[in-house]
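Q: One letter stands for each residue in the lines below.
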Amino acid sequence: MPRREDIRSILIIGSGPIVIGQACEFDYSGTQACKALREEGYRVLLVNSNPATIMTDPEVADRTYIEPVTPEMVIAILEKEKVDAILPTLGGQTGLNTAVKVAETGALERLGVELLGARVDVIRRAEDRLEFKEAMKAVGIDLPRSGVARSMEEARAVLEEVGLPCVIRPSFTLGGQGGGIAWNREEFEEICAGGLALSMVHEILVEESVLGWKEFELEVMRDRADNCVIVCSIENLDPMGVHTGDSITVAPQQTLTDREYQRMRDAAFKCIRAVGVETGGSNVQFAVDPRTGRQVIIEMNPRVSRSSALASKATGFPIARIAAKLAVGYTLDEVANDITRKTPACFEPAIDYCVVKVPRFAFEKFPDANPGLTTTMKSVGEVMAIGRTFPEALQKALRGLEAGRQGLGLDRKDPMVRSREPLPEEEIRAKLATPNADRVFWLRLAMRSGWSAERVAKATSIDPWFLEGIASIVRMEDRLRAFPSTAALPDDLLREAKRMGFGDAQLATLFGEDELAVRAERLRRGIRVTFKVVDTCAAEFEALTPYYYSTYEDEDEVRLSTRRRVMILGSGPNRIGQGVEFDYCCVHAALALREAGYETVMVNSNPETVSTDYDTSDMLFFEPLTREDVLNVWERIAPEGVIVQLGGQTPLNIARGLEEAGVRILGTSVESIDRAEDRDQFASMLEKLGLRQAANGMAASIEEAEAVAARIGYPVLVRPSYVLGGRAMEICYDREQLHTYVARAVEVSAGRPVLVDDFLEEAIEVDVDCIADGETAVVAAVMEHIEEAGIHSGDSACSVPAATLPAAVQDEIRRAALALARELDVRGLMNVQFAVRQGEVFVLEVNPRASRTVPYVSKAIGVPVAKHAARIMVGQRLRDLGFTEERTVTHVSVKQPVFPFNRFPGVDTVLGPEMKSTGEVMGIDTSFGGAFARALLGAGVDLPDAGTVFLSVRKADRGAARVLGRRLIQLGFRLVSTEGTGTALREEGLEVGILRKIREGRPNALDLLKDRRIDFVVNTPSGKGARTDEGRIRAFTVTHGIPCITTLSGASAAVRGIEARRRGGLAPRALQDYFPAAAKP
Amino acid sequence: MSDERMPALLALEDGSVFRGTSFGAPGEASGEVVFNTSLQGYQEILTDPSYKGQVVCMTYPLIGNYGVNPEDEESDRPWVEAFVVREACRVPSSHRSAEPLGKYLERRGVVGIEGVDTRRLTRILREKGALRGVVSTGKDGADALVDRARKAPSMEGLDLAGLVSRREAAPWTEGHLSAFSSDRRERKGPEYHVAAVDYGVKRNILRNLVDCGFRVTVLPARATAAEVLALRPDGVFLSNGPGDPAAVTYAADCVRGILGKVPVFGICLGHQILAHAYGGRTLKLPFGHHGGNHPVKDLATGKVEVTAQNHGFAAHPDTFRRGDVEQTHVNLNDGTCEGMRHLEVPAFSVQYHPEAAPGPHDSLHLFDRFRDLIAATRG
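Each protein sequence line maps, in turn, to chains A and B. Just so you know, we're using the numbering used here here: the first sequence kicks off at 439 and counts up by one. Just so you know, we're using the numbering used here here: the second sequence kicks off at 7 and counts up by one.
Treat the hints loosely; a few may be bogus.
Said to hold, decoys possible - Rough simulated footprint, nothing fancy, chain B against chain A, three-plus residues with beta-carbon under 8 angstroms:
(1) 664-677
(2) 778-784
(3) 987-998
No lab work stands behind these hints: they were computed from the structure. Values in this document were obtained by computation on a predicted structure and should not be read as measured data. Think of the CB as a built atom: it goes at the ideal place given N, C-alpha and C, for glycine as much as any other residue.
Construct the entire structure; sequences and hints are all you get.
A: So, in structure tokens, the structure goes:
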């Protein structure tokens, strides 16, 4: 069928900020869709609040709205622009939910706008548990026994039928949020109540437990002629009970016979037809009873998903791109398979390798959170690896996690490298029985401790096929242990070990050798890696897209051109502190260097990303970002150099090791990077440049720490010397706190010193991104933080231009940043963090690499600084690039972080030196207030226009609270408070209601919150702790979606936001209107 | 459990040699080496008589994961000459598994080699076309095996259907196992009698005929038209099978005697035999189609189906230039003929495998089409 001519303009709804359950896979899918539709000549509009995305680059869509993804904003855009259709199936659950809400207002009919891909009734049938169940029953698809409840009474009635344990799933929430497994009545009551509250439609499904069953997913595509294909099948290592996003998964499915698989395939087609998805991709999940083979359907998503991104990367079949083509009327046979170019997309990829995905968790950031894995997703990222066998792919994935693991054990986190002593039974049993982030390692430890695979299977319900894969790794380890050194291993055994994914680093750990020595020995024997192509067709047709993975086979398929080549190291799995921002930078480098005539080579392991799209670079190597794996690529393709400064900490961590092995690092030298990170070198550099640093000292004992603190004065900022980026950092206000911290830290880090810094209280923190080429250094932007110093810069909102800093101070900051750039001979990007206290400027930290603010800054100033940085690294000059002076902008851009607290119920939401945010949004406006209001709205904080504010602050903030209180009352808000703050406000003559403390009786603040009689909470923390009154209040606001701000500066900015909204509302404005010149590609 | 394995070699007529280890029966076997891209369904492939004379390489590297079971046999024995995989699973997992794949091959005397860079092998076959090869677990060196590969018979001109076919006519009554027949509906209406000529028929074809409401009599490959018509069937089915269709001249003779008298439906070799019976020709494809993901378009409806395929020959376009035969289906990957029908007499056929086993069920409706054709012919 031809493409549709009756539509011209299509709006794509993006997924907003990165949150748990919705990561950069939707940047990947959205970017593909934009490209696919523009290729067809459609006018593409986009709304997405996340600046760290490729899709929001001004050249990707015709009209780019970096605005909150809310129904109101979408309607405003529809009213402003001539839009014929909305494509809602590429922006995750956010995109889908927003589209449904827009449709419910009647705006679509009013404005003559069509929903492509899935109509509202289709989305409902897929999302609404009851409707879905009915639709499946009608076509004869088996489901778990279940019932829907809209109240606690109904829930209890359903429980009588299905029994315990049972699964509770709220309708219309993201990533299974609010769901869970109830093992007893008490848990049942708790989860149901939470689920009912979180569900957009106050509805939950209570379901027969299929815990321990095998779990499968099929990625389905359908076109308007009703042609259906399965792009990929996925089998989960973790059986039912763990959210698929938190499961280790394998593609293709491994343990179903063809008969069983085809039945599942038939059911998936029936499902997509019954739900009525007209075109595009869907994902369908099944559970299979391992004892009988009974198959039941669990759910379906009528949209592209995290799994479809994985499936695309696992097969080479670009689901989102093709979904976009199908949405505008093409049929599958009319769309070409880009990889073979000769065959159509109407087929099912044949793959000739095994793909393993492993989730990446961040429990270390949330020590109070329950680390057990359930049906609510908790992982923040994922890594994918490709191998020819399951053990190979699994070990590659585990070393690609960048969590200190080198594979399945034999690394410094492995308690059984040397010891043959079995681990305690109790511990093993506990680690196996409850799914947790480390369970896969415990499978090996259990086996090494003498557990049989059968016994492990019984304890975990993990399928014996997977356990045999683990057992084969353990057996290989035993065979290796029979030899004293790598040199003593027979060739065949060494090769076999490599074929099972053992890394050189694992062998080095096992034999107590140096990794590079193991490598040299291996290469001496001719055991080297071969690269194979991912081609959708198992080599049946010639592939034209160079998408490679490494394995140990006979034949290598790399084809090299004679062009100059540059290798770019990506940022690996998303985690807190390193997300889509760095992928954005890497993609920009690939685009810029391709434009500059280079052959670009991307190495990355994160399947969610745009960088691992097979056409972002000229060559893609889907590999773990370890020294061994990167060296393999380096040696095979011999590029001119490697870019390490755009992928965040990941490539930097291996930069020195690569250089030692002979790799040429492009851009800023490794020495400069070290100079900025080494404490002593850093201090002497600042001294040389006449720059100020907060007073500090090092301490190896409690006494020493106290002495340093006494010298520099409290409060002090303390951290272990060996960590970066705010890990385990704390602010101590007195001797007692310092004592507790140091006692713990010294114990944990055994002999490593603790750093004690003067904590710059009430200072304003400032981030500066700049770019330099060895000749010229230019400030890209000065970002003033809204929260005061002491909160991790990644967790602070900030503004470009600076919102309050005097010009003289800003100039001093600029001079300091540029001096640092010159001193470090920066070639590329650099980020400096400053603190300003009473006009005095202190340097906090220098990072001679791209920072997470680069995409935000690029969009704020309309200059692609990451592209410029890449060009500098291959020898171009800023003056050639036309960027020699800082840009002045007349609009204000605010960045606001987004936090995952709603995933960790009961965890306190207070911010500190440890980064906790998963993503960010941007608001652009002509005023600061407007930009901040947009940013907050984008982050899901809907500031109230009127109502009651609960204002309760720590002692030190009471002065400022009076000012804030007055402004709120002037704006017409009612105030309630706790006794301390309330009294202070009353002294100021403000009318304020004083509430009881929680344990003092009722009604207290919690009661009012529960009754929705408080609309906005401003609460600055006095002491830490989720169990304090204030901690409980903050935690409650998160689970119930009440805006809560925990800093006074943030609250005061919020008030400016409320004022701005009152003045004129938040009308949408496209990026192309802020930067008319940037719109031209 | 020991991970020590016995060495094995695969040698091709072009001189390529692959080293691996044995995982089936010891010994030596030769044949035309072909690759199959199905991700699962190895047991059905092993026991498909169409693979007679062929050494099959699975492109998916992990084979044997769910073991071998009694229900998934497509005939009463494995037919592949030898089996080539990257990794054979020794500890299968399935509630239906009766034994591991290696044990099964050993018991049934099939030579298997694992540890092979099957992708390299596939690329060689893609570039050069199907090659003759030898798999051996014996002591002979690579050169000797390459020599023997060159002496193995070529597939062209080979009649293998006669070798694999039943010798005697017999009724077939088994339908689908209840666990897998969820998609088949209860049949109403008259029970038609179908004579199914066995050139190497897969059980799943016969099961589908039964499920479709047919009474089925299976006839040997060399049955004559008179013998077929003597059964007074309502329809004649021509099965899949191995070898060169041009070599089974007796089959084309038989079909010529039937055409126009009863409706005919052919699958795979049956389809190619029809091409010859129509006066057309068949041609050898470079490396054939063996897998479960081939897109086939029905030219009448425009619908695309993902199909199971297993053939090294195809109907030559000459077949349709005569004007009384029409091409009905086309392979979207390479444009080869996947189906045809006669415009004057009730006969149609497809090159691919609507019965799946292994493969997708997209084309099961063709069995209904056969039934409809019979019903329409009978008026």
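Q: What are the numbers of the hints the structure violates, in ascending order?
A: none
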